[in-house]
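Engineer: Letter by letter, the chains look like this.
2 protein chains.
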Amino acid sequence: MSEEIGTMPRTKTIELDISKRGFTRILGGPPETVTMKSGANVLYQGESVGRHSTGDREEVIVVLSGRGKFMSIGGEDHEIAKHMVAYCPPNTEHDVVNTGSEPLWFVYIVAKAKV
Amino acid sequence: MSEEIGTMPRTKTIELDISKRGFTRILGGPPETVTMKSGANVLYQGESVGRHSTGDREEVIVVLSGRGKFMSIGGEDHEIAKHMVAYCPPNTEHDVVNTGSEPLWFVYIVAKAKV
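Residue numbers (my numbering), protein chains in the order written: chain G, 123 to 237; chain U, 123 to 237.
Hints in this document: simulated from the structure, not taken from any laboratory. Do not take every clue at face value.
Any copy, or any two copies together, can satisfy a pair, since identical chains are not distinguished.
[Said to hold, decoys possible] Below, a list of computed lysine to any residue pairs in the SDA-like style, where the Cα atoms sit at most 20 Å apart:
(1) K191 <-> T135
(2) K236 <-> T176
(3) K142 <-> G196
(4) K191 <-> K236
(5) K142 <-> L186
(6) K204 <-> G151
(7) K236 <-> S223
(8) K236 <-> P153
(9) K236 <-> T133
(10) K236 <-> L138
(11) K191 <-> T221
Go ahead and model the full structure; you've got the sequences and the hints to work with.
Structural biologist: So this is what it looks like as structure tokens:
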């Protein structure tokens, strides 16, 4: 992994590992980025992230393995699986749950949604 | 795939397919999102995206398969491979090239970087 130096965002790469259960930080926000934050999650069978909102940030989820459900509270439920991408608008309470037997592994990216 | 209705961003999912060589649009920007855009690329051996800058947008790349190089023009080169994530700040000319023998398959997400 190469990290930023000083306070200006710089290019960076990180290698993910499905054997790391739970949360892995990828991008922690400023000064590492301008507004973006990113992380990976490995959820085991039946596990969920928990209901939450990313506030004024919009979110993309990229599924690397497994299957589950992406649930917008008060909105639509979506089946998700390996090699699917999900989008969640700002201020949208949602949850992600592993509904399969394999680990559900996904990357999320959030960014401030100013119009 | 479920699409947005009207002009407010809505939750959405899309399934990716490595057999689709080249570019696949995932999120086209407003009104589908607030500022985010996203796409997938399948590059064959030796192929590159071409030098480009995403302007005032910062970018995350999630590699689904293959291996290659993420090159920041005038900056650092990074090896990338399956299950790696790369970050690129705004106004940073860069390129992605497949340096392996398998298809290099990645998702990119860009978002306006206003501070």
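Engineer: All the hints need checking, so say for each whether the structure fits it.
Structural biologist: Each hint tested on the structure:
no.	hint	result
1	K191 <-> T135	between (28 Å within a copy, 11 Å between copies)
2	K236 <-> T176	both (13 Å within a copy, 18 Å between copies)
3	K142 <-> G196	neither (32 Å within a copy, 34 Å between copies)
4	K191 <-> K236	neither (28 Å within a copy, 32 Å between copies)
5	K142 <-> L186	both (14 Å within a copy, 18 Å between copies)
6	K204 <-> G151	neither (26 Å within a copy, 23 Å between copies)
7	K236 <-> S223	neither (38 Å within a copy, 41 Å between copies)
8	K236 <-> P153	both (19 Å within a copy, 13 Å between copies)
9	K236 <-> T133	between (23 Å within a copy, 18 Å between copies)
10	K236 <-> L138	neither (30 Å within a copy, 28 Å between copies)
11	K191 <-> T221	within (7 Å within a copy, 35 Å between copies)
In summary, the structure is inconsistent with hints 3, 4, 6, 7 and 10 from the numbered list given earlier, while agreeing with the others.
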